[in-house]
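**Student:** Model the full structure from these sequences, guided by the hints.
So you can see what is in the structure, the chains are spelled out below.
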Amino acid sequence: MFEEEKKNSQTFQDFDSFSNPSDEIEVSKIIKTCFKSETPLELFGSGSKRLIGNKLQCEKTVSLSKLDGIIRYQPEELYIKVKACTPIKTIEEKLKTHKQCLAFDPIDLGYIFKGESDQGTAAGFVATNFAGSSRFKYGSVRDHLLGFRGVNGKGEIIKSGGTVVKNVTGYDLSKLVCGSYGTLVALTELTFKVIPLQEDTNTMVLYDLSIEAASEFLKNVSQSSNDITGAAHLPINNMAKNFETNTENVFKLNDLKSASSYTAIRLEGSQISIKEKIENIKKELNLFKTNLSVLESYQSKLFWAKVKNLEIFSNTKNSVLRIVVLPSNLVKIVYYLEKLTSQYFIDWGGNLLWAEIKNLSKENLIVLKKFVSNSDGYTTLIKSGEGLSFYDHSFTTNKIHYNVSQKIKESFDPKRILNPNKMYSGI
Amino acid sequence: MSNLVMPKIDRATISLKDKIVEKFKKITKQENVLSTADEIKPYETDALSAYKEKPLIVVLPENTSEVSEILAYCNENKIKVVPRGAGTGLSGGSLPLKDGVLLGLGKFNKILEIDFDNSCVIAQPGVTNLSITQAVEHRDFYYAPDPSSQIACSIGGNVAENSGGVHSLKYGTTTNNILGAEVVFMDGTIARFGGKRFDSEGYDILGLITGSEGLLCVITEVTVKIITKPQRVQAALIGFSTIEDGGKCVSEIIANGIVPAGMEMMDKALIHATDNFSKAGYPRDAEAMLIVEVDGTISEVNEQIERVKAIGIKNNSTSLKTSNSEEERLRFWAGRKSAFPACGAMAPDYYCMDGTIPRGKLAQVLNEISRLSKKYELPVANAFHAGDGNLHPLIMFDANDPKSLVKTEKFGSEILKYCVKVGGVLTGEHGVGIEKRELMCEMFNNNDIQQQIKIKKALDKNSLLNPGKVYPILRKCAEEGRVHVRRGKEKFPDIPRF
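Read top to bottom, the protein sequences are chains U and Z.
First residue of the first sequence? That's 543 in the working numbering, and the numbers climb one at a time after it.
First residue of the second sequence? That's 1106 in the working numbering, and the numbers climb one at a time after it.
Simulated from the structure, these hints should not be mistaken for laboratory data.
Treat the hints with caution; some may be incorrect.
DEER-style ranges, computed between Cβ atoms [stated by the list, open to error]:
# : chain 1 : residue 1 : chain 2 : residue 2 : range
1 : U       : GLU928    : Z       : ASN1168   : 45 to 55 Å
2 : U       : ASN562    : Z       : ASP1245   : 47 to 57 Å
3 : U       : LYS597    : Z       : ASN1168   : 40 to 50 Å
4 : U       : GLU580    : Z       : LYS1130   : 42 to 52 Å
From chain Z, some residues computed to sit far from chain U (all C-beta separations above 10 Å) [unchecked claim]:
#  : residue
5  : LYS1146
6  : GLY1192
7  : LYS1203
8  : SER1273
9  : TYR1308
10 : MET1451
11 : CYS1457
None of these values were measured; they are calculated from a predicted model.
Just so you know, even glycine gets a beta-carbon here, dropped at the ideal spot from N, CA and C.
**Tutor:** This is the structure we're talking about:
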């Protein structure tokens, strides 16, 4: 139930059910009170990723959206420290002033949830640990969070890490909070490592590759020494079938030809080095006779924004899955997806599949998840489509991982009041 | 620290030694259980050799199920266990306990799988760091983290300590370069976290384990990511007449958008020591010297090395050379890589510190170290991983003089406190171990430490795995991790604790 609904609901008017604390001390007080009364609370930031995960039924809702603002930005030390719910857009704009950026290439899930951009806050990215197309090159959010402050389930303010990249003092709790969906701490401050913005970007697009050829190409090119920062495959023909989205319109760029599939790689650096990389790749992979285009800077940026922001699934009513795979198992998982009414594309140089599936039933999802995990991958339900509204197994786990997770949860949140059941029932 | 306090000795366990030996001989081969004084002597210390202790028993299991059985038995009988990789750790993380079992992973020495299709290698924990690269370099791949002990240190130890190396700014430390691990918890549970794929759903337990210094579990298998070698690598050797100029040059290189593969700085004392030792051709008149290494495609390297040269000149460099061949580049590094033995040649002993500081504070910190060097009357040479801010002051002393060791440790501890004071951290890559555990309260308050101890207890409820390491046990700082707060004030209340 959203806060607006709660405010209007008679049941909740008797409770102080919604809070919007303005600082860390207030967050701590609220959680201390909830700890004493064993009141479960839902934590969220701006709400852009609130629908991911199992549905919460909490007495209290706490938005941390007022924890907003840049605390310290030191370009020459390559870090930025922010209040947890600073919009990612604000951070990126600030970094641009010194030609720097966040290395985890923040994605934008606004398109699949509401048809428009809504990137959300820094804490949202930490909570989900979702990285964009350059993940295979630069790492995920967990690789770039240098430190944090937050409030645990007893209301105690805790911190871990620092502002430097090399730090082995105590357990690395920054890793633990990444991808924990607010179930361990209410984040209040975050420090990210930043990297220099690349001077320029071009994209090489190969046309009409089959999935088998694309898989081989993505593997070879992402292992080349030419520092590729994006490698994706979009089977345009397969996408258009049975789905409302007009994929060709989404990717309508002047220099893109009409084709059955696009296999794209991103090359960054100075113009001289980009040209060198293109020539190197053509030579290494024998592409001189291949049907391809090179998108210049502006179109390149548009292209990769559309890929990482899932614009082809914009406004979908269907289920959306994020499937992390091994490059060597990519083709067999694609074959499996093709048996369902689905459209999909491949990112991260063949390590990630995004899929939109029509009428996905609980049974089909369970079988798909099993198939993927037997292939050393995993499937996360990002958006529940029609037919899956009461599904509560967005994430996958196994018995041992669950038991260890339960112990860790208890060490942070002994009464299980922070986003209970958000990830797994009982955690 | 010289009078090291360790957890209370359990006499009952010591009296059961024969029974434990018998039990272990049933779990693993007889020759894998060492219990006589001669047999266990090689295990009495790690690379922090000022501290020695003979373990009760040394056991060298050969497979994961043996590790599991040993741990389960020890857990049931409340026997302490200290895991050990190659014993190259510099913070005493595998210092044995008189009443504890030393669990050596030396027999886990095989590379299990090389998977070029998925760019990874699966190795047992006793495999050395360098041998992973050696196993894949014929296909132009390598494993990026390169701690200076890479010829001897094991990959399991690297995971336990989250080891770094000189390329950490660009390529990350161990935690950014591993994909999965098989581990055994103290109760004998065998678990796998991660795999060959990127990231994982749920809590990042692999991330928690990495750098946990053998306190949470024993690592029995590691999956590492391998990457392709760059097309070209080139280095610049730049001399400066002041530390300040060198420090400004470092900051300006970073601010200019260059991410060097490696950037190392040495002070005058170390320039002389290493040049005497290895005849590297360093600028002996310089107060500070930088090695800046860039890698990438040929044009990227050409372009970046020109920018580095220009920044050097702008910051008053007194000498500037760039490597024109692979031999010359390796010669530039030869001196830096001999920093430790070079100091060893200058004094009977040296003590290597390991703080990390914001790069911009380098000159300020080196000035303070120089002041402390005079105060303690002990010479010091400084090596600095300028790319990632990791500072290694090498304090020279004579261990035969007990007073000298005490003085050295006090000096070292003051350096680390100062690193924290300027916004840095106690340890960049060597770990806390026994060496810095009493200093943890300089960086963390009671809540922070209690949270970490709660995690430890959640995964090892009897605190039997590597006890006495990482967390303070002395009353002067904390008891069971409780911070001593004087007059309601934390130390350095004005410093942002982050």
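**Student:** All hints are to be evaluated individually against the structure, with a verdict given for each.
**Tutor:** So, going through the hints one by one against the coordinates:
no., hint, verdict
1, GLU928(U) x ASN1168(Z): 45 to 55 Å, "holds (50 Å)"
2, ASN562(U) x ASP1245(Z): 47 to 57 Å, "holds (54 Å)"
3, LYS597(U) x ASN1168(Z): 40 to 50 Å, "holds (44 Å)"
4, GLU580(U) x LYS1130(Z): 42 to 52 Å, "holds (51 Å)"
5, LYS1146, "holds (29 Å)"
6, GLY1192, "holds (18 Å)"
7, LYS1203, "holds (26 Å)"
8, SER1273, "violated (5 Å)"
9, TYR1308, "violated (5 Å)"
10, MET1451, "holds (26 Å)"
11, CYS1457, "holds (15 Å)"
Checked against the numbered hints given earlier, the structure breaks hints 8 and 9 and satisfies all the rest.
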